[in-house]
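So for the first sequence, this note's numbering puts the first residue at 1472; every next one is plus one.
Calculated directly from the structure, the hints in this document are not laboratory data. Glycine is no exception: its CB is placed at the ideal position from the N, C-alpha and C atoms. Some hints could be false.
List time: in silico DSSO-like cross-link candidates among lysine-lysine, alpha-carbon distance up to 27 angstroms [unchecked claim]: (1) Lys1946 / Lys1791; (2) Lys1742 / Lys1546; (3) Lys1782 / Lys1742; (4) Lys1782 / Lys1946; (5) Lys1739 / Lys1782; (6) Lys1692 / Lys1626; (7) Lys1476 / Lys1692.
FRET-style restraints, in silico, Cβ to Cβ [unchecked claim]: (8) Glu1865 / Ala1807: 19 to 29 angstroms; (9) Ala1930 / Ala1901: 10 to 20 angstroms; (10) Arg1870 / Ser1567: 24 to 34 angstroms; (11) Lys1546 / Ser1567: 10 to 20 angstroms; (12) Phe1919 / Lys1742: 54 to 64 angstroms; (13) Ser1567 / Ser1835: 26 to 36 angstroms; (14) Asp1777 / Thr1755: 16 to 26 angstroms; (15) Gly1942 / Lys1476: 43 to 53 angstroms; (16) Asp1507 / Ser1943: 42 to 52 angstroms; (17) Pro1812 / Ser1943: 21 to 31 angstroms; (18) Lys1476 / Glu1815: 22 to 32 angstroms; (19) Ser1628 / Arg1870: 51 to 61 angstroms; (20) Glu1489 / Arg1792: 36 to 46 angstroms.
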Amino acid sequence: MEAVKFYNSLGRRLETLEPLEPGHVRLYTCGPTVYDRVHIGNLRTFVFEDVLRRTLGFFGYRVTQAMNLTDVEDKIIAAALEAGVDIGAFTAPHVSSFFEDLAALRIERVEHYPRATGHIDEMIAMVEQLLEEGYAYRAGDSVFFRIAADEDYGKLSGIDLDQVRRGERVQSDEYGKEDARDFVLWKGAKEGEPQWASPWGPGRPGWHIECSAMSQRYLGKTFDIHCGGVDNLFPHHENEIAQSESANGSPLARYWLHSEHLTVEGDKMSKSLGNCYTLADLETRGLAARSVRYLLISVHYRQQLDFTFAKVAEADRALKRVDDMRFRLAHQTEQAGDKAPLEEAATGFEGAFVAALADDLNTSAALGAVFRFVHDVNGVIDRGLPFGARERVEGLLQRADQVLAVLDASAWNGDSGAAPDEEPGGLSDAEIERLVQSRSAARAARDFAAADRIRDQLAAAGVVVEDAPGGSRWKRS
RNA sequence: GGCGACGUGGCCAAGUGGUAAGGCGAGGGUCUGCAAAACCCUUAUUCGCCGGUUCGAAUCCGGCCGUCGCCUCCA
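Use the sequences and the hints to build the structure in full.
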């Protein structure tokens, strides 16, 4: 099994992955708060986590992954209240659209999508344990985590709480805290808000306890990898560690991977700038989901990425290069010939691709390897395809695409990309074939006026004819 | 104030000690009846600036300049 290295935020260094159980990786990824449609920034993180998951599978690991859905939280409660529905009814459509977006970007389904509201008992149990062991205390109707009791607090983020700028004032519902830095584990019920019974009276869980309780339920007290966006590193992940490790006396996760944020056209995403694009927004603008995924994986996950429409268009053209090579490959006849050049290219590609992924998920380098291979194969096509070459090349591309999931255009059927301009009653393949053949006949008869008329007709229908040596071929643009 | 990241060709982006991947763009070429498309070739003696370590530095160290992130809403 390939040695895979990751940059571990806990310790801030590159480490070789050694799962607790050989060959099996347990992975927890912080999921969405389902109060709105997820935006392109959220999706970057989910795509990164998908590449991680696929890479582990590529290297032969079995993966058990849990991604939580936060379905009770301040914003949800406020919005549901305003809409006059309960939180379940409010979040349901957002849960659906979330899964639609994942599917649209070819993000694999994971094993578990636990919801906070379905795991209140587990959260209560963990809070009770923290209370018993002195890591938590009651104040009013609420329960807080006692940071002073946790010597390790800050080990993930490296934060020195004495240096932290103090908040201007304590939130009104957090009166009674021993220390302003303590965070809430259980919030006492407020009038009109969703609530659950607990040993401390009715209330609802704090945000951080959710992930601690649910990761333990599905992955165990200690699991292998925990992911999320960098913004969650502090306080969310720090607090998860504090809760879980204080309660269990064992490490929470051994490797912490954080993906960087993206900006949009040079600006930080914000509601006021109106640039918190959802995938639906992008599709409305005619951007293909496939190109969006390509752009998101074209930059290393720990680098900030500036998302621009121009870059999506560039991604489009880059992918076209792959499509064109596969098109040429499919239309070239195989013949007896030297297989060595292709084998050399194949070996180089495999080696570079695997090494790139094993090196902290270097997708930029992996894509670089793909394009070098495309170049090499083009050379092979020019010099004559040896028998078996098509299958060899396609096999390699498919294997790479197990991780990248962008190389095979046919897997993205229904992608909105060029669709908006297309006539609903376009030409069928058979009709196009007939036209192309009559054009070829016209050309053979040197009736170029007629040939050009047919070419124009096809172009109007969105079909490009290419006159290659040995005959004309066509494709929809 | 504390912690951290980044600055590589026109644009984007890999590369963390051994002599600059890849994509887009641009220029040239091949093919073609002409096109288009495609393919091929070319495009950084140099990696923000200054010093240092080293046989050797984009890569390590120090300083400076610039951009950005986090410090309890946030992927």
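A quick look at each hint next to the structure:
For the proposed pair Lys1946 and Lys1791, the alpha carbon gap of about 12 angstroms is at most 27 angstroms, so the pair holds. Taken as a hint, the Lys1742 and Lys1546 pair is honoured in the structure, with Cα atoms around 14 angstroms apart against an allowance of 27 angstroms. A threshold of 27 angstroms between alpha carbons decides the hint, and for Lys1782 with Lys1742 the separation of about 22 angstroms falls inside it, so the pair holds. For the hint linking Lys1782 to Lys1946, the alpha-carbon distance of about 24 angstroms falls within 27 angstroms, and the restraint holds.
Pair hint Lys1739 plus Lys1782 holds up; C-alpha atoms about 17 angstroms apart against a cutoff of 27 angstroms. Only pairs whose Cα atoms come within 27 angstroms are accepted, and Lys1692 paired with Lys1626 is accepted, the gap being roughly 18 angstroms. With a CA separation close to 23 angstroms, the supplied pair Lys1476 and Lys1692 stays within the 27 angstroms bound. At roughly 20 angstroms, the beta carbons of Glu1865 and Ala1807 sit within the given window of 19 to 29 angstroms.
About 19 angstroms separates the C-beta atoms of Ala1930 and Ala1901, a value consistent with the hinted range of 10 to 20 angstroms. The supplied range of 24 to 34 angstroms is met by Arg1870 and Ser1567, whose beta-carbon atoms lie about 33 angstroms from each other. Range check, Lys1546 to Ser1567: Cβ separation about 18 angstroms, and the 10 to 20 angstroms hint holds. A beta carbon spacing of about 58 angstroms between Phe1919 and Lys1742 agrees with the range 54 to 64 angstroms that was offered as a hint.
Under the hint 26 to 36 angstroms, the C-beta atoms of Ser1567 and Ser1835, about 33 angstroms apart, fit the expected range. In this structure the supplied range 16 to 26 angstroms holds for Asp1777 paired with Thr1755, their Cβ-Cβ distance being about 21 angstroms. A beta carbon spacing of about 49 angstroms between Gly1942 and Lys1476 agrees with the range 43 to 53 angstroms that was offered as a hint. The beta-carbon spacing between Asp1507 and Ser1943, approximately 50 angstroms, falls within the hinted interval of 42 to 52 angstroms.
Roughly 28 angstroms separates the CB atoms of Pro1812 and Ser1943, a value that falls within the hinted 21 to 31 angstroms. Between Lys1476 and Glu1815 the beta carbon distance is about 27 angstroms. The supplied range of 22 to 32 angstroms therefore holds. For the pair Ser1628 and Arg1870, the beta carbons lie near 38 angstroms from each other, so the given range of 51 to 61 angstroms is not met. Checking the proposed 36 to 46 angstroms range against Glu1489 and Arg1792 shows it holds: the Cβ atoms sit about 38 angstroms from each other.
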